[in-house]
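Enquirer: Residue numbers (numbering that gives the first Met the number 0), protein chains in the order written: chain W, 0 to 363; chain F, 0 to 304; chain L, 0 to 577.
What the hints contain is simulated information worked out from the structure, not anything from laboratory work. Keep in mind it's a predicted model, so treat the numbers as computed, not measured. A portion of the hints provided could be inaccurate.
Below, a list of computed lysine to any residue pairs in the SDA-like style, where the Cα atoms sit at most 25 Å apart [as the list claims (entries may be wrong)]:
1. L:Lys213 - W:Lys201
2. L:Lys420 - F:Pro59
3. L:Lys286 - F:Gln71
4. L:Lys427 - F:Asp159
5. W:Lys201 - F:Leu272
6. L:Lys427 - F:Gln71
7. L:Lys421 - L:Ala378
8. L:Lys213 - L:Glu178
9. L:Lys105 - L:Thr224
10. L:Lys213 - L:Ala266
11. W:Lys201 - L:Pro284
12. L:Lys204 - W:Gly203
13. L:Lys354 - L:Arg510
14. L:Lys427 - L:Asp498
15. W:Lys201 - L:Thr268
16. L:Lys540 - L:Asp498
17. L:Lys197 - L:Ser289
18. L:Lys286 - W:Gly203
19. W:Lys201 - L:Lys286
20. W:Lys201 - L:Lys204
21. L:Lys420 - F:Gly260
22. L:Lys286 - F:Gly260
23. L:Lys332 - L:Gly314
24. L:Lys125 - L:Trp200
25. L:Lys164 - L:Ser110
26. W:Lys201 - L:Ser289
27. L:Lys421 - L:Asp365
28. L:Lys332 - F:Thr66
29. L:Lys332 - F:Pro68
30. L:Lys204 - W:His117
31. W:Lys201 - F:Thr257
32. L:Lys511 - L:Asp498
33. L:Lys421 - L:Arg510
As a plain string of letters, each chain reads:
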Amino acid sequence: MTDIGGGAVSAGLDEGPLIELAMDPKAARPPESPSPGRRRRRMWPGVLGAYVGMIAAIITLNFFLPRFMPGDPITALVSRGSSTFVYGEASKTKLKEFYGLNGSLPSQFGHYLNRLAHGDLGRSISTNQSVVHDVAKAIPWTLLLITTSMLLSAGIGLVLGVHAGWRRDKPADRVLMTGLLSAREFPQYLLGSMLLFFFAVKLGWLPIGGAETAFSSDFSLWHRITDIARHAALPIIVLTAGLTVSYYLVMRSGMVDELGSDYLMLGRAKGLRNRRLKYRYAARNALVPVLSLTAVEIGFAVTANIIIEQVFSYPGLGGLLLGSVASRDYPTMQGAFLVLSVGIVTVNAIADLTYRRFDPRATG
Amino acid sequence: MTATITEAVPAPADPAPASEPERTPPSPVRALLFSPLMVIGMTLITILVLTALFAPLLAPYNPRAVTGPPLQLPSARHWLGTDIPGRDNLSQLIYGTRTSAVAAVVGSSLALLFGILLGVLPTLLGGFTDRAANRVAVFMLALPMFPLLIMIAALAGKSDTVVLVVVITAGIWPNARILRSKTLGLRDAGFITAARGFGGGRLYVLRRHLLPGMGPLLMVRWVEWASTAVALSAGLAFLGLVDPSSSSWGLMINRATTQQGIYFSPMWPWWALPPGFAVLFTILSFLFVGIALEPVFNPRWRRSA
Amino acid sequence: MTEASTDPSRHPLVLDRRQFLLAAVGGAGALALGACSGSGSSKGSAKPGGGSGSGSRPTVRLQDGALGFPSPFASNGGPGYNQMILLYDTLLWTEDSAKPIPWLAKSFTVSPDHLTYTFELRDNVKWSDGMPFTADDVAFTFKYYADQGSLSPPVIIQPPKGIAKVTATAPNTVEFVLEVPAVTFPAQVAGAVPIIPKHIWEGKKDPVLQIDRKVLVGTGPYTLTAYNDDGGALQYTARDDYFLGAPYVKRIDMVALEGDAFPALLAGTLDVAFAFGPRDDQLAPLKADSGTYGIISNVGDFVESQFYWNVGKGGPLGDVKFRQAMAMAIDRKELVTRLSSGKGAVGNPGFLGPKNPYYTPVRGYDFDVAGANALLDSAGYRMGSNGIRQGPDGKPLSFDFRFDNAGNGPPMSEVVIPAIKKIGIELKPSPALIGPELFGPKLFGGYDMAVLPYPGPAPGGPNADPDVLREVFGKKAPDFFSLTAASKYNNPEFGVLADKQLVTFDDTERRKIVNQMQKIIADDIPILSLYYAEKFFVFRKSVLDNWYFTPGEFPTADENKALFVTGNKTGTAIRATK
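Start from the sequences, fold in the hints, and give me the full structure.
Expert: Shown next, in the form of structure tokens:
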């Protein structure tokens with residue numbers, strides 16, 4: 000849906016104008032630095048420093064945000080969902096203690112950090128489980144959707160991009176690009192609910208929501224895998240539709256660049272066959288910016304995934320976050336946010352480092 | 000491949016190496032007018048704006064008034080049927096354009112304005128101010144914005160103002176980053192230094208040299224962010240994070256899709272799809288204009304596309 | 000033994016702030032002590048059904064995901080109680096007849112002063128881990144609850160109040176001594192408190208945090224064989240050594256389901272589905288196949304929404320005529336049509352639901368705009384030039400109006416606000432989250448009027464024991480009814496009656512008092528029930544066909560444990576399977 004936030008840590012990319020990105024593969028690349036030698040030495044500490052800074056900032060934000068917003072977490076706790084709730088000063092005090100909301104702000108912060116250091120995210124109000132537990136259950140589902148979609152869209156985008164770049168400036172190229180760009184802008188709730196209507200309701204081929212059939216642990220392994228795949232199919236289609244275009248664009252413009260390069264000219268002059276040139280030479284080099292695209296796309300994927308999980312009642316992190324927002328389950332809300340944020344920033348940092356390692360140009 | 004697009008290459012630590020100034024395309028206006036995408040985009044935007052302006056004249060009913068039986072299929076009285084308490088869906092759709100138009104116009108303009116304040120001014124001042132502003136922007140960009148926006152919207156209470164503020168907040172940082180790069184590019188192009196040398200004040204430089212030099216970029220950014228702002232505000236409305244007594248497309252979809260068993264009701268397509276496609280077409284209209292503007296201001300695009 | 004309390008009727012249970020109180024359970028019509036003081040129906044060990052594993056005993060698949068951990072301390076309010084009580088038992092139980100029937104207790108006697116209850120327990124009861132169940136466990140249970148004065152959140156446990164002493168006088172005899180007599184004791188204490196095993200819980204601190212499945216040892220008819228703790232599926236398997244005989248339903252699967260359950264029922268993944276005020280297009284395919292699906296419905300036990308005035312704020316809000324005029328200006332029939340697919344009934348201004356055994360007709364506040372206007376005129380609220388009336392002090396009648404910003408809240412406000420505007424009163428909409436904004440302390444002084452969704456039986460629900468009137472509107476309203484307590488509604492005449500009905504053991508006499516109380520509430524209307532949504536409960540006949548709505552406060556009122564155990568609507572005998 001929206002291209003906002005979740006860019007790379009140290010590169011600080013703007014991932015907004017996809018078109019620009021597409022036109023210039025270098026846009027997805029970390030900034031050049033003065034000398035190769037200096038860069039190599041500074042790379043790890045630089046990225047790691049930025050990463051640690053980000054994590055610290057997220058942790059701090061996660062602590063202060065609810066405290067500075069209107070609405071008192073405790074009020075929400077003592078009073079969830081019923082006109083019959085316990086309210087008294089004694090229970091309020093006890094709740095404050097339990098949720099670490101007593102004492103001064105600095106001491107609360109210390110308490111919060113201490114608990115965090117012990118891997119304690121508090122206890123969910125709605126499930127009475129530790130938040131860590133609930134989050135851990137949600138993570139695999141979100142990962143399933145996001146990684147599958149990213150791989151799929153990278154594959155589709157790359158193939159389409161290679162072809163389009165090879166035979167650029169054809170009308171088909173333009174149409175394909177406009178179509179793919181539009182697909183990214185297609186609101187996930189619209190595409191999702193339309194697919195839901197046709198495939199789950201009208202045709203009855205796929206389940207209407209959730210991640211697996213209840214008690215599927217009774218199933219055979221194969222049955223279970225198909226069951227999970229059937230549930231994940233529609234969410235993945237929607238997410239892939241949005242992700243494909245950026246891979247396509249980067250690959251396409253990378254190809255355009257490579258096609259003009261000397262060695263391709265040479266190759267052509269030597270009479271190498273088109274197919275070989277296309278894939279062995281041009282595509283391989285054009286692949287490099289694709290790596291860093293992952294960092295750029297993770298923000299989009301998470302954003303879209305939150306909406307998708309809502310549409311398909313998928314029990315991932317997005318669903319957890321929205322559910323806890325709806326029920327004012329502060330500990331879960333904060334836990335889900337923390338894990339999502341740290342996850343995105345971590346993926347970015349890893350992509351950043353990997354990219355610098357593999358792209359000869361980035362280091363030289 | 001030497002034609003580096005400066006606005007897309009962020010250079011946090013040190014200014015980007017000297018980049019060539021924009022080549023002025025032969026006839027941007029001509030190129031614009033004849034781009035089919037521009038025509039489609041501008042037509043849709045015109046429809047959107049006119050609908051928003053004349054909503055009271057166009058809408059058959061007050062969008063919030065209960066004017067028919069609940070959940071009625073389309074009829075001569077209610078072209079798109081009615082929703083749950085019995086309000087006219089068409090009227091809500093028409094009034095919903097206002098919410099989207101405000102998100103696009105106000106959201107994008109303010110995001111751009113603050114982007115200029117945080118991206119251009121500190122860069123002109125240089126030194127610590129520049130580094131600090133840049134750090135903040137880098138940090139904000141790296142934050143997972145959407146989860147954060149959900150948290151803020153949820154915690155700050157559901158109101159349309161909150162959503163608007165949230166949309167603007169999200170837009171400031173990419174704008175600031177890009178405008179900073181552009182400023183650096185223009186600064187290094189030398190003529191600003193020259194102007195300063197001749198005694199031009201900073202504001203003078205900003206007004207007379209920088210902003211005109213950035214005009215095309217600002218325009219593209221505005222259009223692009225308008226598209227994102229519409230998508231973002233509709234997305235938050237779909238998640239139910241807006242004032243439920245407002246009229247917006249996202250909220251219509253939210254109401255429709257949270258209705259029990261709505262997919263099995265014949266009313267579903269009439270209730271949920273029109274606002275959904277309205278969101279889509281609005282986003283696309285801005286996107287098309289953005290794409291159409293691109294070749295005019297961006298030599299590289301013209302070359303490759 | 001128990002800490003002193005002046006409120007003997009106070010639910011002795013876990014007061015979970017989530018959704019409904021655990022204390023919501025118990026029988027509404029449970030006052031007739033005589034009816035169950037005999038040991039009439041201890042048809043205990045009836046013949047087992049089809050025998051274990053024969054396949055003829057059904058598996059029932061229900062539409063609820065796990066609602067908290069199903070222990071008495073960690074289950075999630077009313078619906079969670081249903082899931083928990085399959086593993087545990089109470090001394091008495093309520094089924095179709097609405098009268099407490101013997102369950103763990105064979106019989107009980109009550110002293111003439113209504114202060115001492117003696118329960119005789121069944122002999123052949125075993126905990127699910129094989130240990131014998133004794134009177135010690137019962138005594139321990141109540142002591143344990145009482146000791147939890149300082150339990151950890153998130154579930155807050157209120158020690159049972161009003162019980163002076165619980166003693167095991169013999170291996171199978173327990174004696175309860177109350178501090179003050181309370182007509183509600185059998186239903187709301189004996190019929191609601193799950194008995195826990197001493198050998199498991201003794202010495203255990205923080206019962207709320209005990210969420211290891213090992214602690215789930217109960218006398219109940221089922222054991223938990225699968226548990227998906229993130230709100231997912233639950234699976235219960237019958238204990239064939241259950242003291243009432245092998246339960247009729249062999250296995251119960253509870254499946255987490257998002258959204259509409261009817262399609263899942265049609266698709267065969269559920270055996271039971273329900274909805275409040277469903278649309279005709281939702282019901283049509285089920286009605287069309289009446290050979291497969293049975294449908295029962297119930298209206299009046301589930302209040303959809305209540306209108307609150309902050310009476311304590313004074314001014315017009317404190318003026319009975321003002322509130323009465325507003326009540327007349329809201330077309331509650333229209334709310335049913337628009338918000339509940341026309342399936343439901345208008346709310347009773349006397350607070351109790353029309354199905355409540357103690358319901359008495361009171362003034363109805365039929366829709367009458369002219370009447371409402373006339374009433375306001377006579378009360379001195381003059382119409383201003385802008386269509387907004389002014390109070391005697393010249394202030395315009397413009398008020399802050401809170402409503403839930405999810406579910407039916409927004410559409411309801413679209414109907415209510417214009418309706419009130421017609422009598423010259425302006426409501427400024429202020430959508431809010433149910434939790435913090437509607438119930439939070441900020442609201443206590445702050446709100447003028449509010450509409451709150453109220454989804455069904457709970458203390459305070461329309462089908463509860465009429466003692467609920469005292470709890471909601473009484474002078475010393477317990478602190479958990481904060482909204483009413485906050486509104487500071489106080490009618491001394493009502494207060495006297497409220498205290499009196501609690502110790503009135505003659506049913507005819509009590510009925511008179513309760514009728515009087517309802518009339519007072521209807522006249523004063525500090526709260527107006529707007530409408531009741533009709534609950535449609537659809538089931539697959541081939542699996543289980545005896546479903547019924549339990550009268551009284553039973554949490555979800557249609558998935559009664561007694562049905563699963565016996566297969567019957569009434570009586571504890573086990574139904575033979577084919």
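Enquirer: Run the distance test for Lys201 of chain W versus Thr257 of chain F: straight-line Cα separation, threshold 25 Å.
Expert: Distance ~19 Å between Lys201 of chain W and Thr257 of chain F Cα, so the pair holds.
Enquirer: Given the hint that Lys511 of chain L pairs with Asp498 of chain L, does the C-alpha gap stay at or below 25 Å?
Expert: 14 Å, holds
Enquirer: Given the proposed pairing of Lys201 of chain W with Pro284 of chain L, does the C-alpha separation stay at or below 25 Å?
Expert: 15 Å, holds
Enquirer: Quickly compare the C-alpha distance for Lys213 of chain L and Lys201 of chain W to 25 Å and report which way the hint goes.
Expert: 45 Å, violated
Enquirer: Could you grab the alpha-carbon distance between Lys420 of chain L and Pro59 of chain F and see if it respects the 25 Å cut-off?
Expert: 22 Å, holds
Enquirer: Would the pair Lys105 of chain L and Thr224 of chain L pass a check requiring their Cα atoms to be no farther apart than 25 Å?
Expert: 29 Å, violated
Enquirer: Given the hinted pair Lys421 of chain L and Ala378 of chain L, is their Cα-Cα distance within 25 Å?
Expert: Satisfied, since the Cα-Cα distance of roughly 17 Å is no more than 25 Å.
Enquirer: Need the status of pair Lys201 of chain W, Ser289 of chain L: alpha-carbon distance at most 25 Å?
Expert: Status holds; Cα separation ~23 Å.
Enquirer: Taking 25 Å as the top limit, are the C-alpha atoms of Lys201 of chain W and Lys286 of chain L close enough?
Expert: Measuring from Cα to Cα gives roughly 20 Å; hence the hint holds.
Enquirer: Lys540 of chain L and Asp498 of chain L were given as a pair; does the straight-line alpha-carbon distance stay at or below 25 Å?
Expert: 46 Å, violated
Enquirer: Straight-line Cα separation of Lys421 of chain L and Arg510 of chain L no greater than 25 Å?
Expert: Status violated; Cα separation ~39 Å.
Enquirer: Does Lys204 of chain L sit within 25 Å of Lys201 of chain W, going by the straight-line distance between their CA atoms?
Expert: 53 Å, violated
Hint compliance for this structure: hints 1, 6, 8, 9, 10, 12, 14, 16, 17, 20, 21, 23, 33 are broken, all remaining hints hold.
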